[in-house]
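Participant: So you can see what is in the structure, the chains are spelled out below.
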Amino acid sequence: MSADDIELFTTALAETGIMVGVSGMLSLALGLPLGVLLVITDEDGVWRRPLLNRVLGTVINAFRSTPFIILLVALIPFTRLIVGTTIGTTAAIVPLAIAATPYYARVAEMSLREVDRGLLEALRALGATRWQIIREALLPEALPGLVSGFTVTLVTLIGASAMAGAVGAGGLGDLAIRYGYQRFETDIMVGVIIVLIVIVSGVQIGGDLLARRLNRRL
Amino acid sequence: MTGGDAIVRLESISRAFGAVVALDQVSLEVERGEIFGIIGKSGAGKSTLIRTINGLERIDSGRIIVDGSDFSALDEAGLNRVRRKVGMIFQHFNLLSMKTVFENVALPLKLAGQPRAARASAVWQLLDMVGLRDKADVYPAKLSGGQKQRVGIARALAGKPALLLSDEATSALDPETTLSILQLLKELKGRLGVTIVLITHEMSVIREICDRVAVLDEGHIIEQGAVWEVFGHPRTALTRRLLRAVRPPLPDSLVQSLHQQPVAGGRCLVRAEGAGADHYAAVLALLASDPGWQTDIVHAEVDRVGGHAVGSVTFSIRYREEPLRSLLATAAGQAIGLEVLGYVGG
Chain B
29 MSADDIELFT TALAETGIMV GVSGMLSLAL GLPLGVLLVI TDEDGVWRRP
79 LLNRVLGTVI NAFRSTPFII LLVALIPFTR LIVGTTIGTT AAIVPLAIAA
129 TPYYARVAEM SLREVDRGLL EALRALGATR WQIIREALLP EALPGLVSGF
179 TVTLVTLIGA SAMAGAVGAG GLGDLAIRYG YQRFETDIMV GVIIVLIVIV
229 SGVQIGGDLL ARRLNRRL
Chain F
595 MTGGDAIVRL ESISRAFGAV VALDQVSLEV ERGEIFGIIG KSGAGKSTLI
645 RTINGLERID SGRIIVDGSD FSALDEAGLN RVRRKVGMIF QHFNLLSMKT
695 VFENVALPLK LAGQPRAARA SAVWQLLDMV GLRDKADVYP AKLSGGQKQR
745 VGIARALAGK PALLLSDEAT SALDPETTLS ILQLLKELKG RLGVTIVLIT
795 HEMSVIREIC DRVAVLDEGH IIEQGAVWEV FGHPRTALTR RLLRAVRPPL
845 PDSLVQSLHQ QPVAGGRCLV RAEGAGADHY AAVLALLASD PGWQTDIVHA
895 EVDRVGGHAV GSVTFSIRYR EEPLRSLLAT AAGQAIGLEV LGYVGG
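Heads up: the sequence lines are chains B and F, in that order. For the first sequence, the numbering used here assigns the number 29 to the initial residue and increments by one for each residue that follows. For the second sequence, the numbering used here assigns the number 595 to the initial residue and increments by one for each residue that follows.
Hints in this document: simulated from the structure, not taken from any laboratory. Among these hints, one or two may not hold up.
[Stated by the list, open to error] Label pairs and their in silico Cβ distance ranges: (1) 92/B with 839/F: 50 to 56 Å; (2) 238/B with 780/F: 29 to 35 Å; (3) 715/F with 238/B: 32 to 38 Å; (4) 79/B with 675/F: 36 to 42 Å; (5) 652/F with 61/B: 47 to 53 Å; (6) 754/F with 159/B: 21 to 27 Å.
Just so it is clear, CB atoms sit at the ideal spot from N, CA and C, and this is done for glycine as well.
Could you put the whole structure together from the sequences, leaning on the hints where they help?
Facilitator: Structure representation (C-alpha cells):
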C-alpha cells in the first residue's frame, strides 16, 4: 500500500468519523427527548397526550420507513437550507442525523418502556413532579439500555454513512465504492472492510462495556 | 361512625374501571395514631382503595379528606404537597435500582428541594432507625427482601409523614422477615406516632399489628371494627374464611365423626367461643363444678388480640340429657357463648 493509499484511508476515516460523530450526537440530543415524549404521552404515561403520541409515532414511522438513500436525495433542499450546501461531509450530516434521530427515538422508547411501572408510581407517591419522575427514575433506570441503544445507532450510522458518497461526502464507504469497486483495486476494498470491522467491533465492545459498568442491577 | 380525630376520612367513595366496579360507596375513618388494616381477597379493591388515600387513584364520586385536606379542592400540585406528607411502602419495594440505599432514602428530601448538605444527617438518622447504616453505599440489587423493605420504610418516612400507607408490604417476604418488618412498623408507630393504613390478604398481619380492621369484598366494606371484636365475633362468612389461617378450625376427622343425635352412653362436644376478659374462666368454672361431666378438651385456639382473649375451646363432656340442658341455660344466662357441636360415641 502506497503513501497515497494511506492518505486516502486517513482522509476517509476522518470523514466517516465526523459524519458519524456529529450525526450521532445530534440523533442522541434529538432522539432521546422524542423517545421520552413517546413514552410519557402514551395511554399509561405520566403525561397522557394520546393525540400527540399518535402524531409523533406516525411521523417517526414515516421517516423510519424511508430508505436512507432516498432520504438522502429527498432532503437535498432542506440540507441546503440548513448548512448552505448539498455536497460534502457537512451536507451528509443533515440526512444522517435526520435518519438516525427517529431510529434512536424508537430504540430509546423501548428501553424507557422497560422501566418498572412500580418505580414511577413510587415517585408519584413521593410527590414528584413529572419532570422529577423523568429525571430521577425514568432516565437513570433506563440508562444501561439507552447506552446499548446508542451503540446500535452508531453502528447503523457507520453503515449508512457509506451511502453518503452519493452526495460527495467521502468517507470509508465512498472510498470502497470508487477505488475498490469502480477501479478494481481489491486491496483497498479489503482494507476498507477490515477497517470497518475494527471500528464497528470497537464501538460495540466499548458500548457493551459501558452499559455493563453502568448497570447496578447486576 | 367515630367522632374522634380522624386523619383519613373517606365518604362513600366509588370508583369503576369500565364495567368493573372496584369501589362501591366505601366509607371509613382512620384515627390519628392507630394502625388500620384493610383485608380482602385479591381483586376486592384493596389496592384501589389505598391508592385513593394519596390520590394516586382518582375517584368517580365521594369525598376524601386526608389530614385536613379535601382532595376535591386540590389540583395536581396540591395533591403533590399532600403526597409529600403521606409515606407509602410497596409489595415489591419499588426502590430505584440505579441509586444507592443512601440515595434512595434521600430522594424524598431531594424532591422536596432540600439542599444536599441538609439531607445527610436526616438520611443517617433514618438508616439507623431501620438498622441499615452499614448498607448506605450498596445498591438495592445486593439486598435481601427484608432489607429492601427497610429501605422502603426509611424512604417513606423521610418526609416526616403523619400517615404511612402500606400496600401488601410483607406479601413478598418469608414469615420470619414478615414478622421483623411488622415489628419495625409497630415500633415506628410508637416512636414517631405515625398513623398506618395497611392492606393485606393475610389475617396474621392484621392480628400482629392492627388496632382496627375493615374487611373489603367486591368493593364493599362488609365488616369493620376493633381487631379483637372482628376476630372474636366474625359476622360474615368471608371474614370467617379469612380467619381460618389464624384461627384453626376443628380438624376434619373430628367433624366427620360427629353425629347430629345423641349417642347412648356417648359424649357431647360443646364449643365455647368469644372474646372477653373472663370468658373462658367462666366456662371452665361451670364445667369444673360438676365432676360428672368428665370434661376433656379436644380442640382449642385462644389468642390474645389487642389485650383480649379471642378464640374458641371445644370440650368433650359425657352426654347427660337433663344436666346438659341446664348447663346451656346457665351459660346463656351468664351471656357465655356455648354451643353444642354434635355427639360422638363413648
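Participant: Can you give the numbers of the hints that this structure goes against, from lowest to highest?
Facilitator: Numbers 2, 4 and 5, in rising order.
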